[in-house]
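Let's have the full structure, built from the sequences with the hints guiding it.
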Amino acid sequence: MKLRVLYFARLRERFGVAEEALDFAGVTAADLVAQLRSRGDVWAEELAAGRAFRVAVNQDLVALDAPLPEHAEVAIFPPVTGG
Amino acid sequence: MKIVVQSEAFDLGAEVDAMRRGRTDIGAIASFVGLARDYNAGSGVQAMTLEHYPGMTEKALAALVEEAKSRWALLDVTVIHRIGRLLPGDPIVLVAVASQHRGEAFAACEFIMDYLKTRAPFWKKEATPEGERWVDARASDDAAAARWNLP
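Protein sequence lines, in the order shown, are assigned to chains A and B.
Residue numbers for the first sequence follow the numbering used here, beginning at 220 and rising by one.
Residue numbers for the second sequence follow the numbering used here, beginning at -4 and rising by one.
Derived from the structure by calculation, the hints contain no laboratory data.
Quick caveat, the model's predicted, so the values are computed rather than measured.
Even for Gly, the Cβ is constructed at its ideal location relative to N, Cα and C.
Check before you lean on any hint, since a few could be wrong.
[As the list claims (entries may be wrong)] Derived coverage of chain A by chain B (criterion: at least 3 residues anywhere in the stretch with Cβ under 8 Å from a Cβ of chain B; other residues may be distant):
1) 222 to 229
2) 259 to 272
3) 275 to 283
See below:
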C-alpha cells in the first residue's frame, strides 16, 4: 500500500528529508519503523530499539502495534517539547 | 473556545478581557503564560525556534481542550501557542480558563499545560554559544501528565 511519511524536528534534520511517499508491505507502525531502519546509517541509529521517538497516524499519536490504513499520513518525530 | 497557533506575540490582559466581555456568569479565570528563558541545561540561550506539525497541532490542542471540558465545568478556554523564532523573555504559550469557581479554573489550566507539554507536536531548538541544539523532552513532564491519568 501507499503511505505518506513525514519527519519532524531532529529526525527531519538527521534523515535529511521532511516528507516521502512510500510503498509499504507490512501491517503495523512497528513494521514501517523496521522497514525504515533497514536503510541503515542514521535510520538504523535514530530508530534503534530503545531510542525515544513517537509515531502519529493521520495526526493522532499511536502505539507501535497500531495498524496502518491505506494512504495513511504517518509522522515520525522526537518526543514533543512545546509549552 | 479559542485555540490559535501563531507567530505573533499575544497579550494576556487582552485575552482575559475578551473572555469576560459581555458576560457576568464567570466567577474565576485562571491563566498561565510560559516564557522563553535565557538559560537551559547548563548554557545560555540566545534564541529559540519552535517547529510544529501543522494540522496535527490544531487537532491535538482541540482534543486536550475537549478532554478538560469533559472533566470540569468550564465556561471558556483560550489556548495560544507561538511558533517560529523567539527571544529570551518572549511569551511562548498562554492558557486561560474561565469557570464559576476557582477550583475548576486552577485544575483545568494546569491539566491543559501538562497535557500540551506531552501531546501537542511542538519542538524547540535553542541557539546557544556552543551552537544550535534540539531541546530534549523531560521525564518530569511525563510524570506531570501521568498524574491526570490521560487516556
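query: Going back to the hint list, which numbers does this structure go against?
result: 2
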